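Trainee: Line by line, the protein sequences give chains A and B.
Under our numbering, the first residue of the first sequence is numbered -13, with each subsequent residue one higher.
Under our numbering, the first residue of the second sequence is numbered -13, with each subsequent residue one higher.
Just so you know, these hints were derived from the structure itself, not from any lab.
Note that this is a predicted model, so its numbers are computed, not measured.
One or more hints might be untrue.
Identical copies look the same in the list; a pair holds intra-copy or inter-copy alike.
Heads up, simulated SDA-like pairs for lysine to any residue below, C-alpha to C-alpha not over 25 Å straight-line [claimed, not checked]: (1) K50 to R1; (2) K50 to A25; (3) K22 to Q123; (4) K22 to E131; (5) K(-1) to T138.
2 protein chains.
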Amino acid sequence: MTNAGPGRPRLTKQRRPGPTAQAEILDAAAELFTTKGFASTSTRQIAEMVGMRQASLYHHFATKDDILAALLEQTVTAPLELANRLAATTEPAAVRLYALLLFDSGQLMAGRWNLGALYLLPELRTERFSRFREERQQLRRRYRELAAAVLTELGTDDESRAGLPFRIVETVINERSDAEGGGTGTGEQSPVLLAEAGLRVLGWHDAESLRAQAERLLAATRSA
Amino acid sequence: MTNAGPGRPRLTKQRRPGPTAQAEILDAAAELFTTKGFASTSTRQIAEMVGMRQASLYHHFATKDDILAALLEQTVTAPLELANRLAATTEPAAVRLYALLLFDSGQLMAGRWNLGALYLLPELRTERFSRFREERQQLRRRYRELAAAVLTELGTDDESRAGLPFRIVETVINERSDAEGGGTGTGEQSPVLLAEAGLRVLGWHDAESLRAQAERLLAATRSA
């Protein structure tokens, strides 16, 4: 066996996508957690699926909970970072909210596994997942701030609708679950559809007009 | 021990709410499935929680899957029945859709346990749950038909938004899960808020005006 790349030589051919062993473990765990269930999956099964020894897996993650926490954080880190960057811009709130909805629903749709389906696990209520819960709570607060600012622009001081755009993004999870579970998904959800819906629930009537502005803002925010 | 009511005398005092032993089993199972997880719950634990012998539980439900199927069907039967009744009325589609959204989100909010959180279980993809999946699919079709009719009334022939009202109702599940899991829920979701949101995502601008008509229609449909 020759050691072609950096790091240790692998005992077996790479079975899972990912640039690192850690990424491969996360991919295998994501498949097992979302298709078999979290409680029904063991770290031994994850190691087998990657083609590594269980001891090697423990080198990267000490517990099954640590793997779950890493997967959950993947879904929140990027949108939270974007939301924080958007908060520093001077664009109208409606454009910023559209941009966040577009990006966040896009990333939830694009992931290889429907990780959002793990949000409802009762296991997440323990102390181990407090960091994930806190990050998700911060993201939710960012959505609310933007939505409240849009409502103000619309001349409403009733903020009861301000929680809806965050929930609109999460509908991706149920749509994917239905599509993967029995072919009942229609495949018609798109980031643009959900971004417009997120503005419409606030009472914004001309949501289409925001798209070009939001896309320019996203491009600028990414390259900044 | 005296046998005060009809049926067999109970060995123990009733521990769970419900008019029948079957209802008590379902309530205990709902608590365990939603707070501990489906895979992590055994029928022995359910029987213990009700205060009955495991053998008595098997008299009512042969398997844990049968209990889950009965719980899931509880969440779909009533809205599907209402949707079928509404389909036979001549009210405007917007009023009928508002009425269905109001009722369905109300029942998902009012249930003692957040049963919708079980919709994402990978276990549901098996043949055993095909009846539940079929009923939920029928309900979803009813939502789509009404939403498509509303879009036609609004002069749009693009039906891509027609799947959104069904998903708006399901946001109750995530809101409840967050509220129960760590106090992040705001408690501001209400059936009226979601019914209006379900109309707004279709592009309906004056959703508030539908409320009184929808409530009259619901009252008439229930007493029919």
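Trainee: Classify it for me, K50 with A25: is the Cα-Cα distance of at most 25 Å met within a copy, between copies, both or neither?
Mentor: The answer is both: 10 Å in one copy and 16 Å across copies each meet 25 Å.
Trainee: With identical chains, the pair K(-1) and T138 could be close in the same copy or across copies; at 25 Å between alpha carbons, which is it: within, between, both, or neither?
Mentor: For K(-1) and T138, neither the intra-copy (57 Å) nor the inter-copy (56 Å) Cα distance is at most 25 Å.
Trainee: Using 25 Å as the alpha-carbon threshold, which applies to K22 and E131: within, between, both, or neither?
Mentor: neither (37 Å within a copy, 34 Å between copies)
Trainee: Checking K22 and Q123: alpha-carbon separation at most 25 Å within a copy, between copies, both or neither?
Mentor: Between copies only: 23 Å across chains, 28 Å inside a chain, cut-off 25 Å.
Trainee: If the cut is 25 Å between Cα atoms, do K50 and R1 qualify within a copy, between copies, both or neither?
Mentor: This pair counts as within: shortest intra-copy Cα distance 20 Å, inter-copy 35 Å.
Violated hints, listed in ascending order, are 4 and 5; each of the other numbered hints is respected by the structure.
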